[in-house]
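*Asks:* Now for the letters of each chain:
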Amino acid sequence: MNRRFSRRHFLGAMGASLAFLPAMRTSALHQSAAPRRVLFVVKSNGNYANAFDNSRNEFWPEGEGEDLATKVLPRVSEVLQSHRDHLLFLEGVNLTPVVDGLVAGNPDHSSWGMLLTGRAATGDGSDGHPAAGPSIDQVIGASMPSEVPVAKLNLGVLSHLRDPGTGKSCISWRDAKAPNIPNTDPTDAFDRFLAGAFGGGLSPEEREAQERMRAQRRSVLDFVGRDLERFSANLGHEHRQQVEAHLESIRQLERDLVVDPGPGADGAPGCFDPGIASPLDPDSWAQFPQLLRAQMELIVTAFACDITRVATLSLGDAVCDKLVFRWLGDDYLIPPRSSNAGGGSVTQYHDITHSVSAQQSGMQDDNERKIGVERWHFEQYLLLLDLLAARPDLDGGSLLDNTAVVFVDSHSAGWVHNEHRLPWIIAGSCGGHFRTGRHVKLSNEPTNSVLAEVGVAMGLPDAPFGDFGGTLPGLRA
Amino acid sequence: MPLRRLSRAEYQRTVRDLFGPLSENPVRLVRDLPADPPGTSGFATPVAASLFHVEAYLTSAESLATEAVQNIDDWLPCHAAGADEVCAREFITTFGRRAFRRPVTDEEIGELLELFASTADELALADFASRIRVVMIAMLQSPRFLYHWQLGEDVAESVDGLVALNEWELASRLSYFAWGSMPDDELLDAAESGALATATGLEASMARLLADPRARQGLGEFASQWMQLGELEHEERDPALFPEWTDETGSTMDRQVREFFTYVALDSEGTLHDLLTSVQVPVNGTLARLYDLEEISGEEFRVVDLDADRRAGLFTLVGVMTAHSGPNQPIYRGKLVRDRVLCDEVPPVPQDVDPSLPDIGPDATRREQLEKHSTDPVCASCHRLMDPIGFAFEHYDTLGVWQAEERPGLPVDATAEIPLLDGGETAMVDGAVELAEVLSSQDKVRRCFARQLYRIAIGRRDEPVDASSIDRVTAVGGDGWPTILDLYAAIVASDGFRFRVPSEGEVTL
Chain S
1 MNRRFSRRHF LGAMGASLAF LPAMRTSALH QSAAPRRVLF VVKSNGNYAN AFDNSRNEFW
61 PEGEGEDLAT KVLPRVSEVL QSHRDHLLFL EGVNLTPVVD GLVAGNPDHS SWGMLLTGRA
121 ATGDGSDGHP AAGPSIDQVI GASMPSEVPV AKLNLGVLSH LRDPGTGKSC ISWRDAKAPN
181 IPNTDPTDAF DRFLAGAFGG GLSPEEREAQ ERMRAQRRSV LDFVGRDLER FSANLGHEHR
241 QQVEAHLESI RQLERDLVVD PGPGADGAPG CFDPGIASPL DPDSWAQFPQ LLRAQMELIV
301 TAFACDITRV ATLSLGDAVC DKLVFRWLGD DYLIPPRSSN AGGGSVTQYH DITHSVSAQQ
361 SGMQDDNERK IGVERWHFEQ YLLLLDLLAA RPDLDGGSLL DNTAVVFVDS HSAGWVHNEH
421 RLPWIIAGSC GGHFRTGRHV KLSNEPTNSV LAEVGVAMGL PDAPFGDFGG TLPGLRA
Chain A
478 MPLRRLSRAE YQRTVRDLFG PLSENPVRLV RDLPADPPGT SGFATPVAAS LFHVEAYLTS
538 AESLATEAVQ NIDDWLPCHA AGADEVCARE FITTFGRRAF RRPVTDEEIG ELLELFASTA
598 DELALADFAS RIRVVMIAML QSPRFLYHWQ LGEDVAESVD GLVALNEWEL ASRLSYFAWG
658 SMPDDELLDA AESGALATAT GLEASMARLL ADPRARQGLG EFASQWMQLG ELEHEERDPA
718 LFPEWTDETG STMDRQVREF FTYVALDSEG TLHDLLTSVQ VPVNGTLARL YDLEEISGEE
778 FRVVDLDADR RAGLFTLVGV MTAHSGPNQP IYRGKLVRDR VLCDEVPPVP QDVDPSLPDI
838 GPDATRREQL EKHSTDPVCA SCHRLMDPIG FAFEHYDTLG VWQAEERPGL PVDATAEIPL
898 LDGGETAMVD GAVELAEVLS SQDKVRRCFA RQLYRIAIGR RDEPVDASSI DRVTAVGGDG
958 WPTILDLYAA IVASDGFRFR VPSEGEVTL
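Listed in order, the protein sequences are those of chains S and A.
Note that the numbering used here has the first sequence beginning at 1, numbered continuously upward.
Note that the numbering used here has the second sequence beginning at 478, numbered continuously upward.
It is possible that part of the hints are untrue.
What the hints assert, rightly or not - Taking CB as the label site, the calculated pair distances span:
#1 A:920 with S:236: 33 to 43 Å
#2 S:327 with A:639: 53 to 63 Å
#3 S:367 with A:982: 52 to 62 Å
#4 A:723 with S:331: 25 to 35 Å
Said to hold, decoys possible - One-sided and incomplete, this derived list gives chain S residues near chain A with beta-carbon spacing under 10 Å:
#5 107
#6 161
#7 164
#8 175
#9 181
#10 182
#11 233
#12 236
#13 241
#14 243
#15 246
#16 256
#17 286
#18 321
#19 351
Hint data in this document are derived by calculation from the structure and do not stem from the laboratory.
For every residue, glycine included, the Cβ atom is placed at its ideal position computed from N, Cα and C.
Please take these sequences and the hints and turn them into a complete structure.
*Replies:* What follows is the structure, encoded as structure tokens:
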């Protein structure tokens, strides 16, 4: 991604620095209670958990009943045990369109367009299975009050390198075939969304110049919008749809021209600049951990400053065959038997996942390696929950109390590409909507129901979402 | 005809050509766009314009326009003479004809002049250059610039269910096919004069375009996308295992494939047979060692003769081998050839199948590892399309370097039985050189190559309605080998290039 047009640079080049917000603008709308937030974190490759039995299980809590306090968390999930009370394990959730055979072509590595949309992708997959409708974050974002500056924030880590805008790498969709391409450059994302809150004062001349630029942009975008409308007048349906998606992006850009702190940031004690070590190369898989951390800090900050209340974060893409876990040590770099073994390149996430049942020679302890990388992912989840818990929110509680983080995976037993019994977790009660600290058993429940229930928590009507399922009142407090 | 935005590569080249006379190096001002996925035709097909795209267009337009108006006197003579609305109109019509790739309509001129007026009234801009800058920024974000659709305000006329592409659409199709970029003034003039109204006229223009240096980029782009080299640029290799791999290796490999294709097609006026079998290959210092050529150095590419026992044509270029390498590389390489060279569809992996391979110990050869694909009937039905072809490439390791042994003491076995050739026939080959010779004798391959070129010309996958056009292209040269340039000519003369079917719901006369 090109960072040449950054308007500001990151603060805190020397690691974490806390720069409290300068004199705040008073807002007409003062929040008395803290708003609810939701974040969808999406990964691929499944976990160490079979789809139909517990012959391999390091994910699902063990023991009787629902109450997590009395259950044992196995080796992957135990990483999150300090947040045990905040977790909702949802066992029995399926990616229904795939599991019911409703998708043509092979969607195993292009199902990301269905995870948050709950519809069967159309086409035969030759165009990467684009989504067939809007994703839940799009719908929740559209329902947010207009004072919240950014309807939703779509970030990613290295998601832009594999067929962007298709089911292979895109989880958020404005509508069918209209992808919300995630921002995978933390430096750039900070500039766009947070610099307005932390940039410090502008001189009167600078402010004037900024106003003039905004006025010109408004004028141009207004013209371009009308131009697009004229252009689409005589087009066929599908073409017009495409132009409408373009038009909607223009409208979005017009709204995004000004990003000032939202009403909740007024005196918000948790709203501070995290400072992120730079430079980061958004194209480098070797910097996956640093990029991930930076994006998580950004989202947490954006929530705390009420710049947005809805976010998605995609980890890599639907295959992740470039993700090499160098930082976990030599066990995760397999020396080849010859220059050909392991493809001659080092072991990557997709290989590790597929090694579980295959036990391909030359790779020892394959199961342990799979468990190891899933634990690593959960360590990142732990960091995220800790970051949320550490930020005070407006109502005196923590930001985590008012948030729901939905940890989403595209597969359960990734080595056989299974989409039954997906290892999904909700973390955080979302302002008391969910009764957490439980391991809930469901039966062949479409992923839609989870999404719909999260929508209810965020203020949407109690109604189904997408083409399957309903809501899940049993999860409520 | 699909409605397509300019792809990322097309946008960059179009900007370069549009601003060539106005700016020194305009492409450096272009904001990075997301990559385009392949789409149903297999060639770069942009998705619906996201927020990312429109912001990139906006900021690129601002930068380009800012730089251009700094030298406004150089390219807008009326500015010095007396800048006013008449001069603004002249700017709109001359710049617009090139930017929109057709004459600007009266209605469009009116709209843009209104915008020009508002820059003084509402935006309080005083000097002419600043005001023209705003108009230019708007034009660069217009769908008339960003999309392949040159209809203007006119509605298409449908005769017997077909729409004849108008002269501007044809000019655009020609230049994006040959150059991957916008028409030049000469081509726009040819369109205007009616020279593109006949198949002969189209052929003549195409010949001129292919003789132009810009054709190297268009044809190179086709080759790179056809061989699916997309990820080579970003390929990372562990330096401990591949000390010779640098940040440039992948992109240099990609460049060699492009250079080879243009060397065969343009410099040598070669044929598909040459493309598949020739050992006259451009090489440079970075790649020399991979081909066992120690004496070559420097970044410049020069044509050398490779070892004819070890190399043949396009497939054994290190870039193609590397882009399709991995633990089970016979499958990837086999799929490439089966899909892109034979045009046989490989069905996807069924949902309920366990795709893992059994563990048979560290001493097994790769063939033995993949044996389940041939012994298990569930696997074999599809894998026989791919694996045998892939085995023929066993002499090329994950960087395309030729190897005699798979492991010390274990010689490579590159024999293969290739099924489903012409007439359902099977051929026995030993190694990629023999494979190339067999493939180049296949009618299937000849037809498939025509289809691949045709797809990139019309911007979509070919359908039954295109069959007769493809027949015509395939028949060129009769029993002999047409040059690749002949194929380009035949495509632009075909009905499929000059006509289209109205899309559903489209308003026509």
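*Asks:* If a hint holds in the structure, say so; if it doesn't, say that too.
*Replies:* Hints, one by one, checked against the model:
1. A:920 with S:236: 33 to 43 Å: Holds, since residue 920 of chain A and residue 236 of chain S (Cβ atoms, about 36 Å apart) stay within the stated range.
2. S:327 with A:639: 53 to 63 Å: Holds, at about 60 Å.
3. S:367 with A:982: 52 to 62 Å: For residue 367 of chain S and residue 982 of chain A the Cβ distance comes to about 54 Å; the hint holds.
4. A:723 with S:331: 25 to 35 Å: With Cβ atoms ~27 Å apart, the hint holds.
5. 107: OK, holds: residue 107 of chain S within 10 Å of chain A, min 8 Å.
6. 161: It holds, given that the least Cβ distance between residue 161 of chain S and chain A is near 6 Å, below 10 Å.
7. 164: Cβ of residue 164 of chain S sits 4 Å from chain A, so the hint holds.
8. 175: holds, 8 Å
9. 181: holds, 4 Å
10. 182: holds, 9 Å
11. 233: Holds. Min distance 8 Å.
12. 236: holds, 3 Å
13. 241: holds, 8 Å
14. 243: Since chain A brings a Cβ to about 7 Å from residue 243 of chain S, closer than 10 Å, the hint holds.
15. 246: Residue 246 of chain S check passes; min Cβ-Cβ to chain A is 4 Å, inside 10 Å.
16. 256: holds, 7 Å
17. 286: At 7 Å from the nearest chain A Cβ, residue 286 of chain S passes the 10 Å test, so the hint holds.
18. 321: holds, 8 Å
19. 351: holds, 7 Å
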